[in-house]
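Let the sequences and hints guide you as you build the complete structure.
Here the protein sequences come in this chain order: L and X.
Quick note on numbering: the first sequence equals residues 1 to 266 in the working numbering.
Quick note on numbering: the second sequence equals residues 1 to 259 in the working numbering.
Treat the hints with care, as some may be off.
[Stated by the list, open to error] Partner residues are not named here, just some residues of chain X that face chain L (Cβ under 10 Å, in silico):
no.	residue
1	G20
2	G236
3	G239
4	L252
5	L254
6	H256
[Unchecked claim] Here are the computed distance ranges between Cβ atoms for each label pair:
no.	chain 1	residue 1	chain 2	residue 2	range
7	X	S163	L	P89	51 to 59 Å
8	X	I50	L	M257	25 to 33 Å
9	L	S50	X	T102	15 to 23 Å
10	L	R260	X	E250	25 to 33 Å
11	X	F170	L	N38	31 to 39 Å
12	L	Q56	X	F10	25 to 33 Å
13	X	E160	L	A164	41 to 49 Å
14	L	N38	X	I244	43 to 51 Å
15	L	R260	X	E155	23 to 31 Å
16	X	H256	L	E163	37 to 45 Å
17	L	G132	X	E155	29 to 37 Å
The set of hints was computed from the structure by calculation and includes no laboratory data.
On a predicted model such as this, the values are computed, not experimentally measured, just so you know.
All residues carry an ideal CB built from backbone N, CA and C; glycine is no exception.
Below, each chain spelled out in residue letters.
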Amino acid sequence: MVALTQRRNYRRSLVGISTILLLLLFWYLATTLTGWVNPSRFPRPDEVLSAFTFIQTEGYGNGKLHQHVLHSLKLVAMGFAVAVSVGVPLGLLMGYSRRAEALINPAFLLLRPIPPLAWIPLAIVWLGLEDGSKILVIFVAAFVPSVINSYTGVRNIDTPVMEAASMLGIKGWRMVAEVLVPGAMPMIFTGLRLSLQASWTTLVAAELIGALYGLGSILNQAAQDIFPAMILLAMVFVGICGASTTWLLGVLENQAMPWRSERVAT
Amino acid sequence: MKTALSRHHFWSLTITGTIGFFAFWYLARALHFSPPQFLPMPHEVLFKLIDLMDKPFAGATLPEHMAASLKRFGMGFGLAVLVGVPLGLSMGWFRLLDDVITPVFDGIRFIAPVAWVPFAALWFGTGIGGPTLIIFAGAFPPCLINAYRGARNVEVRFLEAASMLGVGSFKTITEVLFPAAVPSIIAGLRIGAGLGWLSLVGAELIVASSGMGNLIVRAQSALATDTVMVGMIAIGAIGVVIDILIRRLEKLLLRHRNA
Chain L
1 MVALTQRRNY
11 RRSLVGISTI
21 LLLLLFWYLA
31 TTLTGWVNPS
41 RFPRPDEVLS
51 AFTFIQTEGY
61 GNGKLHQHVL
71 HSLKLVAMGF
81 AVAVSVGVPL
91 GLLMGYSRRA
101 EALINPAFLL
111 LRPIPPLAWI
121 PLAIVWLGLE
131 DGSKILVIFV
141 AAFVPSVINS
151 YTGVRNIDTP
161 VMEAASMLGI
171 KGWRMVAEVL
181 VPGAMPMIFT
191 GLRLSLQASW
201 TTLVAAELIG
211 ALYGLGSILN
221 QAAQDIFPAM
231 ILLAMVFVGI
241 CGASTTWLLG
251 VLENQAMPWR
261 SERVAT
Chain X
1 MKTALSRHHF
11 WSLTITGTIG
21 FFAFWYLARA
31 LHFSPPQFLP
41 MPHEVLFKLI
51 DLMDKPFAGA
61 TLPEHMAASL
71 KRFGMGFGLA
81 VLVGVPLGLS
91 MGWFRLLDDV
101 ITPVFDGIRF
111 IAPVAWVPFA
121 ALWFGTGIGG
131 PTLIIFAGAF
141 PPCLINAYRG
151 ARNVEVRFLE
161 AASMLGVGSF
171 KTITEVLFPA
181 AVPSIIAGLR
191 IGAGLGWLSL
201 VGAELIVASS
211 GMGNLIVRAQ
221 SALATDTVMV
231 GMIAIGAIGV
241 VIDILIRRLE
251 KLLLRHRNA
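Below you can see the structure in the form of structure tokens.
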């Protein structure tokens, strides 16, 4: 069985790698050798490389690449951190107390259907094009999944566990730290992952609409200059940032729940 | 604690919560928290909504903007479903297809749908084609993933029975995998519709010249905060309606199944 799975995995990665190599070869063939694809529509590989050296040495759109990346990462980290530190406790509270749920739910239900991207214009009216408006929209985007999943996590804790806790007289802080948080942890992390994805989407959109720094602002600038190589480069870095922060969250998840036998692939 | 509240108690708290939400909103005005222009009151937003039903803003009335957005959404989402679901099911059946597509898919799925906006505008323009691609980029991954997972979780004995009866690949996919995967597919469609609608708003905020996203971004540059809020509410409402329609579809598709 083990040998079979191993052989299967081996074949799988072989096919995967060769597909990606073939795609890269096709990219080279279609843009460079044959010229099927007009470089003003999709860049050639060497153009992307020179765009990369250009942005790293000369800078593009008010800064060098690593400055843009760090700026975007900083904004996501700030909005995400605020949203999580408000959203998770609120979700836990709503899950634990029916009264809190009944009281808070109306406001939550009224605001929840509005997609986070639709908050961008309002954030700009309120806070301008500065970092504040970006952090606000990231907060809105990351807040909802944090609340909902923490709430569901508490509601899904087995009733006997809750009954045992209350029978043993566990209350207050110990209830939160020893019953609610560990019990709801898998769902909390599901929520965090969704929140993180939403944060990136919203940040890129907000930066596309108006920003001085950040990956979205490179995209915007490159779209205005009709610079396809830079567009592709910025997209690749949006993907890399999203993937690496998700990976980091996966590592954290495995650390936070050492008792779980199923590990998140990192 | 976890005991249910009495009906009376529940409703009194819910109503208190709703009133509290609006009271807070009015209180912000009363305390001069922000200039009236930046924070319109709920009743002003409501009047604006009625006003926009027949008075054009940014070249069209509210229903016309909605129609423009819904047309783009219908095309992008329809395309995502038509490509994503069959592809996901086939990936669940043909192992080679799975091995080929999964790495490519994993490579691009972390790129936020909105990041496709510049290329979408470059390739297909800013009218219908560009935004349609963005919606597709948002709605496609959940459609594909859920169809794939649904197909992979089919009970093996169904597949064994099908192969024993000599059913070919195509029929296995349409007659065995698809019906078994319907609940998972519908869950994917709901997520996909939500993400597609979100991406549409993003695309329209940035490039389009009509539609709900364009309405709110134009209202923002005119500092018409009440119109921005009307737009946000309408966008939220349409999202809810789309979700309800998909759940209806699920009931329709599963009507033969006994509970």
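(request) Kindly indicate which numbered hints from before are broken by the structure, ordering the numbers from low to high. (result) 4, 5, 6, 8, 9, 12 and 17
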